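Quick note: the sequence shown, position 527, residue 527 per this note's numbering, numbers continuous.
Hints should not be assumed to be uniformly reliable.
Below, a list of computed lysine-lysine pairs in the DSS-like style, where the Cα atoms sit at most 30 Å apart [claimed, not checked]:
hint	residue 1	residue 2
1	Lys-626	Lys-688
2	Lys-559	Lys-464
3	Lys-481	Lys-531
4	Lys-425	Lys-467
5	Lys-2	Lys-69
6	Lys-670	Lys-658
7	Lys-233	Lys-216
8	Lys-40	Lys-378
Keep in mind the hints are simulated off the structure, nothing from the lab.
Owing to the predicted nature of the structure, the values given are computational and were not obtained by experimental measurement.
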Amino acid sequence: MKMYNEVKTITKLPDNREIEISTGKLAKQATGSVVVRMGKTMLLATVTASKQPKEGVDFLPLSVDYREKYSAVGRFPGGFLKREGKPSNHEVLVSRLIDRAIRPLFPDNFRYEIFVNVFLISVDKNDMPDALAGLAASAAITVSDLPFNGPMSEVRVSRINGEVVVNPQADQNEEANIDLIVAATQDNIMMVEGEMKEVQEAEMLELIKAAHDTVKNQCAAQKELEKLAGKGKKRELEEPESDDRLYKVLYDETYQKCYDIANKGIADKHKRAEMFDEILDAFMERYEDTDEEDIPIDLIKKYYHDIQKDAVRQVVLDNGVRLDGRKTDEIRPIWCEVDTLPSAHGSAIFTRGETQSLTTVTLGTKLDEQLIDDVMYKGYEEFILHYNFPPFSTGDARPVRFTSRREIGHGNLAYRALLPVIPEKNADFPYTLRIVSDILESNGSSSMATVCAGTLSLMDAGVKISKPVSGIAMGMISDEKSGKYAILSDILGDEDHLGDMDFKVTGTRDGITATQMDIKVEGLSYEVLAKALEQAKQGRLHILDKIEETIPAPREEYKEHAPHIVSINIPQDMIGSVIGPGGKIIQELQLDTDSIITIEEEDNQGRVEVFADNKEKIDKALDRIKAIIAVPEVGEVYEGTVKTLASYGAFVEILPGKDGLLHISEFDWKHIKSVEDVLSEGDKIKVKVIGIDDRSGKIKLSRKALLEKPEGYVEKKPQGDRRGGPRDKRRDDKPYRKPGKRY
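The whole structure should be built from the sequences, with the hints applied where relevant.
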């Protein structure tokens with residue numbers, strides 16, 4: 001018996017692959033829920049919202065979580081617990097992609113707590129489900145009763161061998177030179193994020209347009225699903241508290257004062273904030289003798305924020321003057337230095353205005369690679385970038401806690417920006433690479449400061465990057481009524497908050513390497529985007545000039561205290577000999593030579609890397625390894641160590657892990673009665689290899705062969721039977737009789 005009423009719509013990608021969106025079958029108690037399916041890939045998206053608005057907040061209380069189930073690909077989670085734990089970096093980044101696209105589409109005064117959850121429940125390993133997650137989240141909200149200025153959708157768009165491909169498969173995307181995630185509504189671009197291999201601005205815009213065409217079809221499918229599900233009625237919002245008379249009084253008394261402060265061009269953000277606060281404090285003085293409960297403090301603060309925002313924006317549109325006094329296309333003063341930290345392998349400071357990054361580079365071995373054990377990817381990462389944003393960087397009195405989603409997101413953007421210029425790991429560059437950016441001051445564009453400081457520190461470390469990379473954050477202020485707008489280069493934190501766009505662009509002199517764009521206004525034309533990109537290019541080149549003035553190219557050599565790595569190839573069948581039983585040999589090698597040694601099989605050979613802090617240690621380790629893999633040759637002389645004594649001779653180690661038998665008859669030309677009369681364990685002696693058994697590989701040694709034969713020495717003939725004559729063959733014909741056994 002069917003106990004649900006499922007409805008669905010179909011939308012197609014440009015290559016005719018179908019995406020099915022359905023609701024009414026799963027998670028029916030959620031405020032809204034859908035399943036998005038493409039082939040074998042399925043995502044379940046749900047949205048729930050509180051029944052009452054949250055008191056005392058002046059922002060949208062929205063939480064977005066994207067999670068991937070290991071069962072979706074038929075795998076067990078790693079670790080002791082064998083269950084999904086905290087979200088991976090990849091899951092956090094996809095959550096941010098969804099959040100940034102849907103957050104601006106809720107009404108400004110919506111204060112209900114909203115929880116959006118997207119689960120990957122089935123997947124074809126060649127699909128990239130992050131391209132479907134935004135569509136799933138938007139569809140779940142669309143079929144709910146929540147007011148939403150959508151629907152919207154997200155798609156991945158890549159350029160692969162000159163062709164534009166929407167939602168490419170993973171193996172295809174490995175060949176892409178542009179890889180973007182684009183979020184949009186039917187009419188407007190909302191968000192762009194991605195990486196590129198030094199492409200031009202017009203090429204990026206071409207792909208954004210192609211993505212928008214597909215998004216429009218997916219938005220139409222969501223609208224159709226909403227009608228089929230019968231969820232047309234939306235939750236009615238309570239009218240926000242308002243007081244027109246209070247607003248007019250506040251506007252008349254504060255607008256011009258805010259306008260004048262904004263027009264002064266005060267570079268110090270804390271001083272500027274104090275001056276704006278003084279205006280509000282002066283207005284509040286009239287309420288000093290009033291009962292505090294009767295003062296509409298929250299309403300006054302809201303109105304004052306809106307008035308201040310209007311004044312600041314108008315100054316830019318009227319006079320082309322920004323909060324810190326710069327022109328719209330002017331970059332803040334920059335100073336940088338390298339080799340700041342004498343013990344680091346590479347270090348730099350990049351300061352732009354009131355934003356400062358202290359960045360370090362650390363060179364490591366294969367053992368330092370990061371294990372990635374995500375649902376869709378399992379492997380090792382050779383290049384790691386971490387971005388830290390401590391509270392003191394903005395003057396906040398808060399403790400430093402765990403890594404935030406914002407830090408993961410900003411670090412990922414800087415990682416994508418620098419990745420195209422990092423040398424591939426090979427014999428000339430055998431290192432695992434870690435960059436750490438600590439933001440010491442922040443007033444906007446700290447992720448772009450990380451890109452610039454990262455470039456400086458890489459060159460200071462002697463890493464042969466192909467080209468320097470810089471980054472810049474662009475903003476925009478527009479007026480819908482007049483049609484005026486201003487593109488702002490190198491935006492401040494306040495300009496990000498008060499503006500209509502945050503557009504980060506990174507690249508070399510030859511093209512863009514990464515971008516991240518969030519648009520907060522409707523109707524942004526491609527012409528405006530093109531102008532923003534061109535202005536960003538000029539700013540990017542200006543910053544590159546400053547970087548190259550500090551250090552024009554990577555250092556020729558690594559720092560003296562930087563670790564050294566030398567690699568050699570060994571025969572495949574010798575890998576076990578170097579490692580030893582249970583890792584015994586390689587552990588002893590590392591301990592004796594104070595080095596780190598790694599071995600991996602590659603192209604039917606063993607690749608051995610030796611890592612140490614000076615050449616002497618590396619040479620010592622290499623000599624030991626070469627001795628281990630050396631093959632004994634008949635006729636060669638070796639200096640060996642006596643390992644074990646027996647009644648019939650001694651076992652001598654002539655090469656690491658390779659023993660030979662020195663029979664008592666090969667000790668000397670004269671007769672030796674007892675092995676102990678000549679040798680002791682641990683003695684060093686020279687021996688000659690006189691034979692190697694073809695089957696067993698056993699090695700026969702001689703010490704006698706290295707001694708001069710005594711004059712007149714006569715070789716003794718082999719003795720016969722103990723009875724003095726040939727052995728009686730008839731005895732051999734008789735059956736063997738076991739003692740005590742009768743036949």
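Hint check results:
1. A threshold of 30 Å between alpha carbons decides the hint, and for Lys-626 with Lys-688 the separation of about 20 Å falls inside it, so the pair holds.
2. Taken as a hint, the Lys-559 and Lys-464 pair is honoured in the structure, with Cα atoms around 13 Å apart against an allowance of 30 Å.
3. With a C-alpha separation of about 21 Å, the suggested pairing of Lys-481 with Lys-531 holds against the 30 Å cut-off.
4. Taking the CA atoms of Lys-425 and Lys-467, the gap is near 17 Å; set against the 30 Å cutoff, the hint holds.
5. As the CA atoms of Lys-2 and Lys-69 are separated by approximately 27 Å, the hinted pair is consistent with the 30 Å bound.
6. Between the alpha carbons of Lys-670 and Lys-658 the distance comes to roughly 28 Å, so the proposed pair stays at or under 30 Å and holds.
7. Using a Cα cut-off of 30 Å, the hinted pair Lys-233 and Lys-216 holds, with the two alpha carbons roughly 23 Å apart.
8. Under the criterion of a C-alpha separation no larger than 30 Å, the hint pairing Lys-40 with Lys-378 is consistent with the structure, at around 20 Å.
Violated hints are absent here; each numbered hint is respected by the structure.
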